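*Asks:* Sequence:
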Amino acid sequence: MKKILVTGSLGQIGSELVMKLRDVYGASNIIATDIRETDSEVVKSGPFETLDVTDGQKLHDIAKRNEVDTIIHLAALLSATAEKNPLFAWNLNMGGLVNALEAARELDCKFFTPSSIGAFGPTTPKDNTPQDTIQRPTTMYGVNKVAGELLCDYYHQKFGVDTRGVRFPGLISYVAPPGGGTTDYAVEIYYEAIKKGTYTSYIAEGTYMDMMYMPDALQAIVSLMEAEPSKLIHRNAFNITAMSFEPEQIAAAIRKHIPTFTIDYAVDPARQTIANSWPNSIDATAAKEEWGFKAEYDLDKMTADMLAKLKKKLTAELVLS
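Note that my numbering numbers the sequence shown so that position 259 is 259, with each residue one more than the last.
Simulated from the structure, these hints should not be mistaken for lab results.
Quick caveat: nothing in here was measured; it's all calculated off a predicted structure.
Virtual Cβ for every residue (Gly too), placed ideally from N, Cα, C.
Check the hints yourself; a few may be wrong.
[To be verified] Distance ranges between label pairs, derived from CB positions:
no., residue 1, residue 2, range
1, E317, R105, 41 to 47 Å
2, A147, P229, 21 to 27 Å
3, K2, K288, 35 to 41 Å
[To be verified] Derived lysine-lysine pairs resembling DSS-like cross-links, with alpha carbons at most 30 Å apart:
no., residue 1, residue 2
4, K3, K84
5, K196, K312
6, K64, K3
7, K158, K64
8, K20, K2
9, K58, K195
Kindly produce the complete structure, drawing on both the sequences and the hints.
*Replies:* This is how it looks when you write it as structure tokens:
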């Protein structure tokens, strides 16, 4: 990878991935795009263009003009938000993906787009979910993700596009605020622990979901994209995970730093239904064997870092306001 176009650059993953890629490959070589422009570091620190990914011609033009060799397509509507407006989600998630794949095909670019644990459904084996298994998701987001996995496989087999992807678990970060995902309770809980010392969870006690701290997710993208293509069997849908926990366990980890922290519950039926359809834990053996995936953060290590970084961030915001 020498010159990289990133869509959805101001989202949860993009806002951190762009900065990491600029550190690794040089600021001028990372072309960040999003549907809106802000005064964020992503916009200030290197090339940035506004882009609606449903505009295939503009996407192609930006990629061609900047002579990119890699497209990282992140622009998408997340699970809980997609359920509120499923037709819009289909048009954005699938239309944007086809446009990005077409640009990669026409311009001979490497291609990455993330899938998700949302690609699994209620009939998927719940524990240690295999790499290759029944999926059958029951959300529009999940349908989009399964279709995306298959579409990326198709573009590789039919047109020779070097497509790659992972099934991300819930991602936890202190940089971007929660953005409409089912697993976002595991981000919100840290904010509320610092601000109020208590949190009301919309996900029920005992609900296990796979999670990962953002630094591990970013490194996974870079590692997969730099991996030797001949070793990649699964290509577009590698299971990856760092930890699986339920709300009481994350609360217990927080109490090691904030002993008075409390948690209670006001379960949101819509998001709980989505969570219930997903695995409790997934098997990441294929990613480990095919490209050396490894997570550095477990729940305790992530919690310590998350609380320290978030305290600093919230204090700085308080001073500025």
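*Asks:* Compare the structure with each hint and give your call.
*Replies:* Against the structure, the hints:
Taking the beta carbon of each, E317 and R105 are about 43 Å apart, inside 41 to 47 Å as hinted. The supplied range of 21 to 27 Å is met by A147 and P229, whose beta-carbon atoms lie about 23 Å from each other. Between K2 and K288, the C-beta spacing of about 27 Å breaks the proposed range 35 to 41 Å. Restraint check: the Cα-Cα separation between K3 and K84 comes to about 36 Å, which exceeds 30 Å; the hinted pair is violated.
Only pairs whose Cα atoms come within 30 Å are accepted, and K196 paired with K312 is accepted, the gap being roughly 16 Å. A threshold of 30 Å between alpha carbons decides the hint, and for K64 with K3 the separation of about 11 Å falls inside it, so the pair holds. About 22 Å separates the Cα atoms of K158 and K64, which keeps this hinted pair within 30 Å; it holds. Pair hint K20 plus K2 holds up; C-alpha atoms about 14 Å apart against a cutoff of 30 Å.
With a CA separation close to 42 Å, the supplied pair K58 and K195 exceeds the 30 Å bound.
In summary, the structure is inconsistent with hints 3, 4, 9 from the numbered list given earlier, while agreeing with the others.
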